[in-house]
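**Q** Residues per chain are reported as follows:
There are 2 protein chains.
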Amino acid sequence: MKKLKIGLAGLGTVGRGVYEILKKDAKILELKSQTIFEIVAVSARSNKDFVDSKIKFYSNAIDLANDSEVDVVIEVIGGTTLAKELVETAIKNGKKVITANKALIAEFGSEISALVEKYNGHIGFEASTAGANPVIKNFKESFVSNEITEFYAILNGTCNFILTKMGNEGSNYLETLAQAQKLGYAEADPTLDIKGIDTAHKLAILSAISSSSKPAFKKLHIEGVDEISIEDVKLADELGYKIKLLGIYKKLGDSCQQTIYPALLKKCDKIAQVDGPFNAVLVNTSNASWNLSIGRGAGGLTTGSAIVADLIDIACGRSSFLFGVENSKLSEANVINISQRVGKYFLKLIIDKNSAQKTNIAEVIFGNKILVEQAAFIDANEEIICGFLINSQVEKDLTEILKNLDSGLVKSSKFLRVEEIGF
Amino acid sequence: MKKLKIGLAGLGTVGRGVYEILKKDAKILELKSQTIFEIVAVSARSNKDFVDSKIKFYSNAIDLANDSEVDVVIEVIGGTTLAKELVETAIKNGKKVITANKALIAEFGSEISALVEKYNGHIGFEASTAGANPVIKNFKESFVSNEITEFYAILNGTCNFILTKMGNEGSNYLETLAQAQKLGYAEADPTLDIKGIDTAHKLAILSAISSSSKPAFKKLHIEGVDEISIEDVKLADELGYKIKLLGIYKKLGDSCQQTIYPALLKKCDKIAQVDGPFNAVLVNTSNASWNLSIGRGAGGLTTGSAIVADLIDIACGRSSFLFGVENSKLSEANVINISQRVGKYFLKLIIDKNSAQKTNIAEVIFGNKILVEQAAFIDANEEIICGFLINSQVEKDLTEILKNLDSGLVKSSKFLRVEEIGF
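Protein sequence lines, in the order shown, are assigned to chains A and B. So for the first sequence, my numbering puts the first residue at 1; every next one is plus one. So for the second sequence, my numbering puts the first residue at 1; every next one is plus one.
Hint data in this document are derived by calculation from the structure and do not stem from the laboratory. Zero decoy hints are in this set.
In this list, chains with the same sequence are indistinguishable; a pair is considered to hold if it fits within one copy or across any two.
In silico EDC-like pairs for lysine to aspartate or glutamate, Cα to Cα no more than 16 Å straight-line: (1) K5 <-> D63; (2) K2 <-> E326; (3) K27 <-> E326; (4) K5 <-> E69; (5) K56 <-> D71; (6) K214 <-> E107; (7) K329 <-> E30; (8) K24 <-> E147; (9) K23 <-> E38; (10) K23 <-> E147; (11) K27 <-> E147; (12) K214 <-> E332; (13) K140 <-> E30; (14) K27 <-> E38; (15) K414 <-> E227; (16) K2 <-> E69; (17) K2 <-> E30.
Using the sequences and the accompanying hints, generate a full structural model.
**A** See below:
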């Protein structure tokens, strides 16, 4: 029987997941791949007691990439410094690579793609995006016979957990974040998650595959969930909407939208019902129409499952270009500025209670510049907090209108975007 | 640039879909596969005007398999006679094969698998199951690193359309079927669909992949939607449930359940919300946990999309065993008899109005043999139609109880199964 010798870099949650699957499921993996997978070396800052002591231990990950016994390097360190050097060294040494590293692929994917092609290598990164939900393979191999025209994705379990909790329990953002940290759904430093950076990395990857272009991480408009207040959630709820942090890609002629922001979705939309730590990708394609997939986005065995599937692809000789097409054929993404967005909006305005009546408040504030389609209100002492669902606008026009509202009347204003998906 | 020459057998809806995609999307397919796909020959009972007259036409499909110019045969004829001979001849002649034929794979899959291995061939059949929803690839390549412990699938758009309409509009089964036929959602002879045979073929395929065993089509318990009455739908609705035709696979130690029946699902279950012509597969796996995918199950471009994806797999040299493992390693499925099912049930009883009061009707009928958890009633002249949601039972015990009900009191009885999914 064929054998693949593995060097596993990183012994955190995901590294441990991979280790456990390869151990407990060895028989079934052998049956399905006609291959014995053997971890011959690991690297980490310190060795972990769950690792068999007969396995070589390196404190420097780069040693794995230089170990001539290793056929495949699995990189689950994270970050873009050591991980990048490791991946590049492994490719140059003729080793196949699997990584769960979204930042690496989103920020340096094209560079790595060129290197893989130069050295006739292979890189699998299913685990980088949406965990065990096989969206990379679906986008690269199953929807390959389509133009991907748009997709909407919930790609960060932490943010989805927080927004779900705020909606269900009426608790505010900071309370909910603290609870998420306690339950292990959020990191001690949650910045990458709650600021939308993690979602942006994944969106850049999926958008690159969708548009056969280089990932455009640096061009993305990114908002997180940290500015969402409990009043936003409550007003949206009253209007029939839920707030979800969405990564959105839309092809718009020769350009495209690639954005990350908390959006209002009708409660009956299927993707709006994806709650808690689950990830979801809703994609529309030219021939296959709509497809929605929902799965767990994180966790050791979950992410491990995606990594081991990549390993079996290697064992079975199944491969594809990193972003689905040859690196030299990747175009530069022409990403529109968010100010050009056209669509519906939700406005939250705080109004002095003495200045206006609820009944004609919208007219008093906006005149005929904005058409309010639905309204909800929260009474708060001297103020009224208004939630308005308004007609379609160009975002830069809306920004201008809001800037020039009567400051005696409107104490503060902000907007969120509404997505009308229709699936 | 590499070229793949295609023989397309069948020029119906799906054949036309494939033809159109290969024509209109030629450039993007070339970019993604580095291959030019050229249809060099077609076969059908009569040539169609949308086919370029320079393409060879065969009235006998077998001629395609014997045409030395053809590299890949695409079989979209259907059935298991001519299609089987075509596929076998093509494999023996060293051609790669793609088929949309669920009956062929479900009934002769193991035989074909052996032939493919003998001739070092390749067969793609993504289009056979759930249309453009890439469940074959997901099961074979993405969840390969898992044991598939159970799945629940809506695999027939016609049945789902009928049940959805009955639920939404309160129209009865025959009216709804006629409407489905008028709209093109049901065939003129809808037997294969409404009797559950089509779902059974697809379930047999997915179950074979899930359990690394030969497809067990002949061992399946199959019920369709043709016995579902509008009263069933209304009572279920009142109890908080929807009725869906489900293909169900459950691993039960060394045996498994493989069944097709209309089941009651809680309205809040995500798969219960998949309506109209959409297909859905909800799968639970040992490492990746739950995954739900929803997509269009039929239509020319939709099914064509899956076929062309298979074509690109061939162009890119990506392959796998037919059912995910070598044919000689496939086990015989140990399918339990439906009478051994343990679970909740919905009972519909028609009672003489004069014989009992609603308040204690369940007690009068069942004594202490069955615990009714929820009840709903329809008053109909001299009768009461009762819908009971009852506690967990072994199916053969339940059948026995129903057989022995007081026939003076209960004019008729039937049951439907309730699935408690929890996702």
